[in-house]
Amino acid sequence: MLSAEGLRHVFGEGRGQVVALDGVSFTLTSGQTLAIFGPNGAGKTTLLKVLAGLIRPRAGSVRVAGGRRAIGWIGHQSHLYEHLTVRENLLFWATLYGVPAARRAPRAAEVLGRLGMGDRADQPVWSLSRGLAQRAAIAKALIHDPSVLLLDEPFTGLDLAAAAELRALLGELRGGGAAGRVLVLATHNVDEGVELATDVAFQRRGRFVHFAPRAGRGPAEIAEAYRRAVAGGTDG
Amino acid sequence: MSLAHKGRWITLVGLVCLAGVYVRALAFTPVERLQGPAQKIFYLHVPAALWTEAAMILVGLAGIFYLFLKDPRLDRFAAASAEVGTVFATIVLTTGPIWGKPIWGTWWTWDARLTSTLFLFFLYVGYLLVRGAVRDPRLRARYAAVLGICGLCLVPFIHLSVFLFRTLHPQPIIVKPSAPSLPGSMLATWLFSLAAFTLLYVGFVTQRYALSLARDAQQGEHADHA
Amino acid sequence: MGDLLAQAWAVARKDLVLEFRTRTALVSAVVFTALVLTVFNFGRDPTAVPTVDLAPTILWVTFTFAAMLALNRAFQLELENQALEGLLVSPLSRTGLYWGKLVANLVFVAVVEAVGLPLFVLFFDVPVGRVLVPLVGVIALATLGFVAVGTLFSALVIRTRFAELLLVVILLPFLVPPLIGAVQVTARLLGGRPLSESVGYLKLLAAYDIVFVSLASFLFRFTVDE
Amino acid sequence: MPDVPQNAGYMVAAYIVTAVILLIYAISLHRRTAKP
Numbered sequence: 097m098l099s100a101e102g103l104r105h106v107f108g109e110g111r112g113q114v115v116a117l118d119g120v121s122f123t124l125t126s127g128q129t130l131a132i133f134g135p136n137g138a139g140k141t142t143l144l145k146v147l148a149g150l151i152r153p154r155a156g157s158v159r160v161a162g163g164r165r166a167i168g169w170i171g172h173q174s175h176l177y178e179h180l181t182v183r184e185n186l187l188f189w190a191t192l193y194g195v196p197a198a199r200r201a202p203r204a205a206e207v208l209g210r211l212g213m214g215d216r217a218d219q220p221v222w223s224l225s226r227g228l229a230q231r232a233a234i235a236k237a238l239i240h241d242p243s244v245l246l247l248d249e250p251f252t253g254l255d256l257a258a259a260a261e262l263r264a265l266l267g268e269l270r271g272g273g274a275a276g277r278v279l280v281l282a283t284h285n286v287d288e289g290v291e292l293a294t295d296v297a298f299q300r301r302g303r304f305v306h307f308a309p310r311a312g313r314g315p316a317e318i319a320e321a322y323r324r325a326v327a328g329g330t331d332g
Numbered sequence: 212m213s214l215a216h217k218g219r220w221i222t223l224v225g226l227v228c229l230a231g232v233y234v235r236a237l238a239f240t241p242v243e244r245l246q247g248p249a250q251k252i253f254y255l256h257v258p259a260a261l262w263t264e265a266a267m268i269l270v271g272l273a274g275i276f277y278l279f280l281k282d283p284r285l286d287r288f289a290a291a292s293a294e295v296g297t298v299f300a301t302i303v304l305t306t307g308p309i310w311g312k313p314i315w316g317t318w319w320t321w322d323a324r325l326t327s328t329l330f331l332f333f334l335y336v337g338y339l340l341v342r343g344a345v346r347d348p349r350l351r352a353r354y355a356a357v358l359g360i361c362g363l364c365l366v367p368f369i370h371l372s373v374f375l376f377r378t379l380h381p382q383p384i385i386v387k388p389s390a391p392s393l394p395g396s397m398l399a400t401w402l403f404s405l406a407a408f409t410l411l412y413v414g415f416v417t418q419r420y421a422l423s424l425a426r427d428a429q430q431g432e433h434a435d436h437a
Numbered sequence: 007m008g009d010l011l012a013q014a015w016a017v018a019r020k021d022l023v024l025e026f027r028t029r030t031a032l033v034s035a036v037v038f039t040a041l042v043l044t045v046f047n048f049g050r051d052p053t054a055v056p057t058v059d060l061a062p063t064i065l066w067v068t069f070t071f072a073a074m075l076a077l078n079r080a081f082q083l084e085l086e087n088q089a090l091e092g093l094l095v096s097p098l099s100r101t102g103l104y105w106g107k108l109v110a111n112l113v114f115v116a117v118v119e120a121v122g123l124p125l126f127v128l129f130f131d132v133p134v135g136r137v138l139v140p141l142v143g144v145i146a147l148a149t150l151g152f153v154a155v156g157t158l159f160s161a162l163v164i165r166t167r168f169a170e171l172l173l174v175v176i177l178l179p180f181l182v183p184p185l186i187g188a189v190q191v192t193a194r195l196l197g198g199r200p201l202s203e204s205v206g207y208l209k210l211l212a213a214y215d216i217v218f219v220s221l222a223s224f225l226f227r228f229t230v231d232e
Numbered sequence: 527m528p529d530v531p532q533n534a535g536y537m538v539a540a541y542i543v544t545a546v547i548l549l550i551y552a553i554s555l556h557r558r559t560a561k562p
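Chains as they are written, first to last, in this note's numbering: chain S, 97 to 332; chain D, 212 to 437; chain A, 7 to 232; chain F, 527 to 562.
In case anyone wonders, no lab produced these hints; they're calculated from the structure.
Take the hints with a grain of salt, since some may be wrong.
To be verified - Pairs of lysine to any residue, SDA-like flavour, derived with a Cα cap of 20 angstroms:
hint: 1; chain 1: A; residue 1: K209; chain 2: A; residue 2: R199
hint: 2; chain 1: D; residue 1: K281; chain 2: S; residue 2: R104
hint: 3; chain 1: D; residue 1: K281; chain 2: A; residue 2: R199
hint: 4; chain 1: D; residue 1: K281; chain 2: A; residue 2: K209
hint: 5; chain 1: D; residue 1: K312; chain 2: D; residue 2: F239
Unchecked claim - FRET-style restraints, in silico, Cβ to Cβ:
hint: 6; chain 1: F; residue 1: V538; chain 2: D; residue 2: W315; range: 17 to 25 angstroms
hint: 7; chain 1: S; residue 1: Q173; chain 2: D; residue 2: W318; range: 50 to 58 angstroms
hint: 8; chain 1: A; residue 1: F48; chain 2: D; residue 2: L237; range: 48 to 56 angstroms
hint: 9; chain 1: S; residue 1: E206; chain 2: A; residue 2: G206; range: 55 to 63 angstroms
hint: 10; chain 1: S; residue 1: A197; chain 2: A; residue 2: A212; range: 29 to 37 angstroms
hint: 11; chain 1: S; residue 1: R152; chain 2: A; residue 2: P133; range: 50 to 58 angstroms
hint: 12; chain 1: S; residue 1: G137; chain 2: A; residue 2: A146; range: 48 to 56 angstroms
hint: 13; chain 1: A; residue 1: A120; chain 2: S; residue 2: P135; range: 23 to 31 angstroms
hint: 14; chain 1: A; residue 1: R19; chain 2: S; residue 2: T252; range: 50 to 58 angstroms
Backbone N, C-alpha and C fix where the C-beta goes; we use that ideal spot for every residue, glycine too.
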């Protein structure tokens, strides 16, 4: 479960202020996937960083069942140490996330297997291709089996094949019903990850100008709804 | 009357007071027989050194409160106090050697007060450089507070290490400059000078505070809590 | 508490594995130390100044430079590998991160000192045999002091411009008390004088370590959080 | 009566230096805060 209550955040102060979040509230339960669309600078990354606990918001609160230990973060940075092997990285992060010592090695092997990286496990990260490095980063984000997964524009820089692969993986990771994970995906490109979403939100100037279940709408309808919401929402 | 005006008035009164100290010290206070007229540098050197240290302690205290209250006014005060502290340190580091030359024959002596002021000066330089190197006002305030608090905790260690170092090479102290065990009229002059420097500190800090307030408002960076 | 230590050790172990695997920083620090000791060796005229008087200062200036190299690298690993955000997202407490980095820095500096000390004894023909244990004790005590503050400041400067330069300037005054203590105690040890004569300085070093390790542990979170 | 050391010159120098530093800073503050 992940819920945000009246999140407000501002960069800088006085007249030079930039309003990043202007009252965002929502609640997601297991198995739900929220795709947040919005132009660059709408505050998507800030929202995700606040949800992840990287930034303390000026106002409002974030509640995550299981606390920070239950959050997985996939951003632009891989968080992997190049001169360590993929496995060593996973074991290191498993320790930080409090995975019991006995469970670490098997857990790492399991995640590596699931991502089809079993054969690359003992290679240093610097020797991996971009696609494999992205997969290793995802492995890192899953090492502690997070119940909430936050993805900040995960598809940027991926070619079509890698993007499709990632989509399939996320779909499988999400699981369904009560045992499923909560996924929050931020992207400025409408047709990335629409199929994954159970709910869709459009964010503009730090506020959700639209928040509703996808209800079977495909990329085209969502893009249209987005244009109307962004155009209509000129009150901002 | 704006803050800047108030600051200017206080500084003006302080400067007039200082002129009074000059007249009193130079003309109406007896010359100390052993050190001669050079001893009168004491009336400026010691108050300036006391305020150099007091200013750093205030920077540290402001830093502690800032970390808990996150009030930009505390950060502005800390910045002002640091700048004024640096000015006073400069006075101490110039009058010190001028006083040391006739008394101990060398421009620089590892005298306790001179040495600790030198370390405080380096502390101020570091503090002001950190403030200069960080753009974002909230980050700058937080980093400055961290450094200010460390500086505050360093002051006793500077004294301790200088004290231990000095017991190793005791200077021929003719008149114990630190403790004001001076005859009446000399003590009065010293206290008068301390008052003048206090007024100058308050006046300067008020003006410098008003300056950063205006600068922030102009750049729209600091929400105006004042 | 156990969790915190386990996490801190994981951070330290990771740093050390990376340092020993890439080895560039470690080797350059060791070579640097040997170079500085050599330069000092040629820079002095043994007949003019007896080595024993100069030795403690040379030892400690060398160790301080080596510590600076380590401190500059402290958070470089995180920046190069874009991993700082990962550490801050994880449930790793800021204090745990600080202790991990502190231990890694201490081990790094200890390795350099372990190479520097024998070279120092060799180059300067200094009788260390009898006093080796207390000498290593003093080295550890003083190194903990300035590495504790240095680790805090290295986190503070990473997001500013001229980080390396700024680190040295703001750290300078904080090096003085541990350095004065270390040099004085080392001089007494090398001079064959009983340890009881350096009790004052040893208390200074111990107090400095306690104050600044705990202060830095507390203040660390304010240097890394956004 | 040991003659008093004649070092008034140093005193004058120190007093001038102090006055100069304080006046320079006071004036700079005054000018910087005067600008609208």
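Structure-based check of all given hints:
Taking the CA atoms of K209 of chain A and R199 of chain A, the gap is about 17 angstroms. The hint holds against a cut of 20 angstroms. For the hint linking K281 of chain D to R104 of chain S, the alpha-carbon distance of about 17 angstroms falls within 20 angstroms, and the restraint holds. Between K281 of chain D and R199 of chain A, the direct Cα distance comes to roughly 52 angstroms. Violation of the 20 angstroms bound is thereby established for this hinted pair. Of the supplied pair hints, the one linking K281 of chain D and K209 of chain A is violated, its CA atoms being roughly 36 angstroms apart against a limit of 20 angstroms.
At most 20 angstroms may separate the alpha-carbon atoms for a hinted pair to count; K312 of chain D and F239 of chain D exceed this at roughly 24 angstroms. A hinted range of 17 to 25 angstroms for the beta carbons of V538 of chain F and W315 of chain D is consistent with their spacing of about 19 angstroms. In this structure, Q173 of chain S and W318 of chain D meet the distance hint of 50 to 58 angstroms, their C-beta atoms being roughly 54 angstroms apart. Judged by the Cβ atoms, the range 48 to 56 angstroms given for F48 of chain A and L237 of chain D holds: they are separated by roughly 53 angstroms.
The beta-carbon spacing between E206 of chain S and G206 of chain A, approximately 59 angstroms, falls within the hinted interval of 55 to 63 angstroms. Checked against the hint of 29 to 37 angstroms, the C-beta distance between A197 of chain S and A212 of chain A comes to roughly 35 angstroms, which is consistent with it. Hint check: R152 of chain S to P133 of chain A, Cβ distance near 57 angstroms, so the stated range 50 to 58 angstroms holds. For the hinted restraint 48 to 56 angstroms between G137 of chain S and A146 of chain A, the CB-CB distance of approximately 51 angstroms keeps it satisfied.
Checked against the hint of 23 to 31 angstroms, the C-beta distance between A120 of chain A and P135 of chain S comes to roughly 56 angstroms, which is inconsistent with it. In this structure the supplied range 50 to 58 angstroms is violated for R19 of chain A paired with T252 of chain S, their Cβ-Cβ distance being about 33 angstroms.
The structure fails hints 3, 4, 5, 13 and 14 (numbered hints given earlier, in ascending order).
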